[in-house]
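Protein chains in written order, with the working numbering: chain A, 1 to 432; chain B, 433 to 713; chain C, 714 to 1075.
No incorrect hints appear here.
Below, in silico cross-link-like pairs of lysine-lysine (DSBU-like), each with a Cα-Cα straight-line distance of 35 Å or less:
no.: 1; chain 1: A; residue 1: K362; chain 2: A; residue 2: K170
no.: 2; chain 1: C; residue 1: K1007; chain 2: B; residue 2: K665
no.: 3; chain 1: B; residue 1: K653; chain 2: C; residue 2: K828
no.: 4; chain 1: C; residue 1: K960; chain 2: B; residue 2: K703
no.: 5; chain 1: B; residue 1: K657; chain 2: C; residue 2: K738
no.: 6; chain 1: C; residue 1: K960; chain 2: B; residue 2: K696
no.: 7; chain 1: C; residue 1: K764; chain 2: B; residue 2: K665
no.: 8; chain 1: A; residue 1: K275; chain 2: C; residue 2: K960
no.: 9; chain 1: B; residue 1: K665; chain 2: C; residue 2: K738
no.: 10; chain 1: A; residue 1: K231; chain 2: B; residue 2: K665
no.: 11; chain 1: B; residue 1: K481; chain 2: C; residue 2: K852
no.: 12; chain 1: C; residue 1: K1007; chain 2: B; residue 2: K703
no.: 13; chain 1: B; residue 1: K481; chain 2: A; residue 2: K29
no.: 14; chain 1: C; residue 1: K828; chain 2: B; residue 2: K665
no.: 15; chain 1: B; residue 1: K481; chain 2: C; residue 2: K931
no.: 16; chain 1: B; residue 1: K653; chain 2: B; residue 2: K481
no.: 17; chain 1: C; residue 1: K961; chain 2: A; residue 2: K42
no.: 18; chain 1: C; residue 1: K960; chain 2: A; residue 2: K249
no.: 19; chain 1: A; residue 1: K111; chain 2: B; residue 2: K481
no.: 20; chain 1: A; residue 1: K42; chain 2: A; residue 2: K275
no.: 21; chain 1: C; residue 1: K852; chain 2: B; residue 2: K657
no.: 22; chain 1: B; residue 1: K653; chain 2: C; residue 2: K764
no.: 23; chain 1: C; residue 1: K852; chain 2: B; residue 2: K653
no.: 24; chain 1: A; residue 1: K246; chain 2: C; residue 2: K960
no.: 25; chain 1: C; residue 1: K738; chain 2: B; residue 2: K653
no.: 26; chain 1: B; residue 1: K657; chain 2: C; residue 2: K764
no.: 27; chain 1: A; residue 1: K246; chain 2: A; residue 2: K42
no.: 28; chain 1: B; residue 1: K657; chain 2: A; residue 2: K231
no.: 29; chain 1: C; residue 1: K764; chain 2: B; residue 2: K703
no.: 30; chain 1: B; residue 1: K665; chain 2: A; residue 2: K275
I should point out that these hints are in silico values taken from the structure, not numbers from a laboratory.
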Amino acid sequence: MAEKFDAIVVGAGPSGNAAAYTLARGGLKVLQIERGEYPGSKNVQGAILYADALERIIPDFREDAPLERHVIEQRMWMLDDSSYIGTHYRSADFDQPPYNRYTIIRAEFDKWFARKVRQAGALLITETTVRDLLLDGERVIGVQTDREGGAIYADVVVLADGVNSLLARKAGFRPELNPADVALAVKEIHFLPTETIEARFNLSGDAGVVIEMFGKITQGMMGTGFLYTNKESLTIGVGCMLSDFKSQKMTPSQLLENMKSHPSIAPLIAGGEMKEYAAHLIPEGGYNAVPKIAGEGWVIVGDSGMFVNAVHREGSNLAMTSGRLAAETLLELAQARLPYTARNLARYRRKLDESFVMKDLKKYRRLPSVFHRNPQFFTAYPELLSQAAQTLLRVDGEDKKSKERAIRRSFVARRSRFGLLGDAFKMWRAFE
Amino acid sequence: MHIVVCIKQVPDSAQIRVHPVTNTIMRQGVPAIVNPYDLFALEEALRLKDRHGGRVTVLTMGPPQAEDALRKCLTFGADEAILVTDRAFAGADTLATSYALAAAIRNIDRDAAVDLVFTGKQTIDGDTAQVGPGIAKRLDLQLLTYVSRVEQVDIAQRRLRVQRRAEGGVQVLETRLPCLITMLEGTNEMRFASMDNMFRAARCAVRIWDREAAGISDVSKIGLKGSPTVVSKVFAPQARARRAELIEAEGDAPRDLALTLINKLFTRNPKLRDAIVAQPS
Amino acid sequence: MSEPGTPARKGKGKYELDERLQSYKGVWVFVEHERGAVHPVSWELIGEGRKLADQLGVPLSGVVLGAPGLPTRRFCEEAFFHGADHCYLIEDAVLANYRNEPFTRGLTSLVETFKPEILLLGATTQGRDLAGSVATTLKTGLTADCTGLAIDPENRGLAASRPTFGGSLLCTILTLNYRPQMATVRPRVMAMPDRDASRRGTITEHPLGMIETDIVTKVLEYIPDNRQDTPQLPFADIIVAGGRGLKKPENFQLVWDLAMVLGAEVGASRPVVQAGWVEADRQVGQSGKTVRPKLYIAAGISGAVQHRVGMEGADVIVAINNDAGAPIFDFATYGIVGNAMTLLPALTEAFRQHIAMARVAS
Ligand SMILES: Cc1cc2nc3c(=O)[nH]c(=O)nc-3n(C[C@H](O)[C@H](O)[C@H](O)COP(=O)(O)OP(=O)(O)OC[C@H]3O[C@@H](n4cnc5c(N)ncnc54)[C@H](O)[C@@H]3O)c2cc1C
Ligand SMILES: Cc1cc2nc3c(=O)[nH]c(=O)nc-3n(C[C@H](O)[C@H](O)[C@H](O)COP(=O)(O)OP(=O)(O)OC[C@H]3O[C@@H](n4cnc5c(N)ncnc54)[C@H](O)[C@@H]3O)c2cc1C
Ligand SMILES: Nc1ncnc2c1ncn2[C@@H]1O[C@H](COP(=O)(O)O)[C@@H](O)[C@H]1O
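Please model the complete structure; the sequences and the hints are all you need to start from.
Here it is, written out as structure tokens:
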């Protein structure tokens, strides 16, 4: 006899774990299916964990979650070919518990989260891939896995299967991915002794630094690079729009190799032992790319629903929040003995709209297209800025006033006065 | 038939890193797996169960996380899993490990008589191939190491026939149950678990035994205390001073390089030249 | 072994050996034989045991167990020729074939009676089967698969070194307040000592005290390996080995071609074996075979430590690799930086011509 569950959650990333945990705590009979060898085994993230979203699910997560370092310093670097100009913001306030942001290693973090889910009462099956959704007309009634005896039934299926969401696409719930809406990111983990990391980044204890980078490292493509400190390793990566990779005929690994040899970056990672090279997509289409996220017997959460705030590099927190909100919706319906119809599940979208998830996505909805149509943000400006810095800082007998004039001239020469004004306006509008 | 399979959770040695200065092991991010050799033992046990009925118990001694390894074994079809875990076991060498495992097997045997114990050929972290023989001696079981095939089991007569890899050949051995088999690698292929087994494994409660539950009263026999061997030093393999003499030739044509090499090689090692020339063509 | 990550404190410095253990004296080597021939690892160990015994100023003994009718006395003699002073011999009909039970009983009883301080065995299927059983029966320590043996000057104990953690590190292991100190060593790790047929020694015979009906396990049959089919890598004089740098299974033929001309055995690195280009028996290295040829030619092999430990005992190593920075150049005798796919055929041809000319000349 095939098993029947109240809910099946496909995927054990942050969104699936948040949903399964909330559902199991709410007393439902939950099955979670993950294709990886263990949760997190194949998952890719920078990774910064934003405490707030997790705190709302597991308030005391700090007690045993595998957190690497809490972030006390954020650097923003704009790079040209040989230098960077940027800001470093470090505050002692960030070093006061409870900390707000942490670096994590997803393989460890997802495993921990999944353990919590199991403890909450959900059944987790790993190394098992969901191949299809089982449908009765329009209604989703279960999943088909790749194992013998693999049809399993449930009242509702939560699709938390990540950015590719083959299942949602197969079932026609979601359109194909548009290469202009997804970034392709690659990252590596470089292992270094703790003391080396602490010395290089001026750290002690569990404090950490993150560096966000943009400029010539993406070679004219729209994207950013990043470098995060973990306890015994550094995570370094870069991501650009998939459409750009295609048109530039550039491979992500080439891009990362170039970036690693940048004179500002190479010394930071020198001597490390590289492990774990991984590539992954990030949905960056923003507000306008969010598909239909609920229907007859199904809901979509996390990356599968395109909930990523590319501007602030937030994804896991949106994933966890959407997972939690979807689960809360399901629990409310279960309590009210209402069926999981598309109509009833529309509450989930309303909850999301009221949350920071949709509010933030809405706020930046113009940004993807602004950047897309204006590559100068990733090419000309970084170069100009760092040249300007160099002109100003080099002591060579020229007076500062003439230097400033030269800088102004160089900006106008690359980009007309109107262009400069227009760019400023576009940015303001997009961020507003 | 009741079969106990001893398995160990090990760090995936292909991914081990060494701290360049302190020469200590950096474990972070190194995945833990079921010792690959043990899966051949488990599969062989499951095949015997398929043929003759009975049950398979998987047993490990290790830290609490080793439960993951046991659960994995359950998915393949093991019926029960026991984790022997206690701080007092820390630092055990093979003598102390076999003591603890033997005690646990005696305990299992008290509930349901054990006919056969399997271990892997060796572990990829300890690499000693000693724990299996150790358990057999402590339990006074017949020991069959490096078994490549279980040819026949006659449960009524309590007899078993196996092929064992020996130096330069294969021994066909017959013995009486109960006995302990250490299974050679590459002898079978692990099955793909069914959905039912996945469910069963996910729901099955792994039994956790501490020192007392495992029936061990004498703490001087386990852990660091019960281990005759101690590691006095860990060090990196010495870098050789001798660097290769590079063979170079004008234009680097392969033929010229080859001739230059042969010339050097044979002038400096005339005996080697003689041996090569003398061998029958 | 206990966790090598953190050396145990009790391993450091001096310690006082229990009085009852001070009577354990002498170094022993178990002489392993099968089908009427001694495994060469036993002689390698006699060579190594000689050094240890000399350092300690104690006698070196071989241990031979076998059935009447087997050339056990000749084995003892050979042990003397290779460096032993003495042999312990148990002859009994039940020792006709190797079996765990009677051999464990015999060796254990010898140890209990004559009390050696060090007992060495080959890390073969027989040696490991026996060593694990004997060590557990005697409740003493055993260090497996050692690559180096020495006497700790501080306490006259055996300091046994072996690879640990996937071979990236070595560790030294001591057996403290237990005797004998046991270790197994893989074939070809130690050099073969010179044979001196003028050496003599003494033999002590000892009874086994078992009859066939005491022994549960029976050997029904012994199927010898077909020598032609199984590569005899550990004892080959010349080995040509290929690695992942050969890129495609077809290219591995170039290794066979050169081996054919040289009358060499073919070896391989692990990735090549795992990809199924050649049989597992041909893997050289930590998880494969240890070899000690006169000449080892490595083509497209990077020289990772796990490979190196299996072949660095070669007299001459020739490395072909297109990356001048490959680690193999750090320990090879000769290096050619270049493409193996063109260099291997060139070498094959050049060797062929050289050999043909030399034969014509003689
Ligand atoms: C390079 C990079 C850096 C990032 N950095 C950050 C950051 O610093 N901070 C941040 O908050 N976010 C970051 N993100 C975004 C964040 O990783 C994602 O938003 C988040 O992982 C989404 O979680 P999810 O649960 O929806 O999907 P995922 O984490 O992708 O999980 C999906 C899970 O479903 C499983 N699965 C998929 N299909 C099936 C199937 N058919 N059957 C069974 N299982 C299936 C997968 O194996 C996987 O475990 C980054 C992303 C990338 C790629
Ligand atoms: C626990 C453990 C046990 C192991 N045991 C063993 C073992 O027993 N034996 C073993 O071999 N390995 C073993 N390994 C694996 C070992 O670490 C290495 O990965 C392996 O030896 C590498 O094999 P390789 O040199 O063929 O391949 P690679 O490391 O990929 O090297 C290929 C080499 O070929 C060169 N090359 C490429 N193209 C050409 C060309 N056209 N011409 C010439 N050269 C070229 C490259 O420069 C490179 O140096 C073990 C690893 C672990 C963790
Ligand atoms: N801690 C352990 N728990 C269970 N089984 C073990 C343990 N250590 C070793 N074994 C078993 O003994 C075999 C030989 O291990 P080793 O002597 O470490 O090479 C392994 O293949 C396992 O089957």
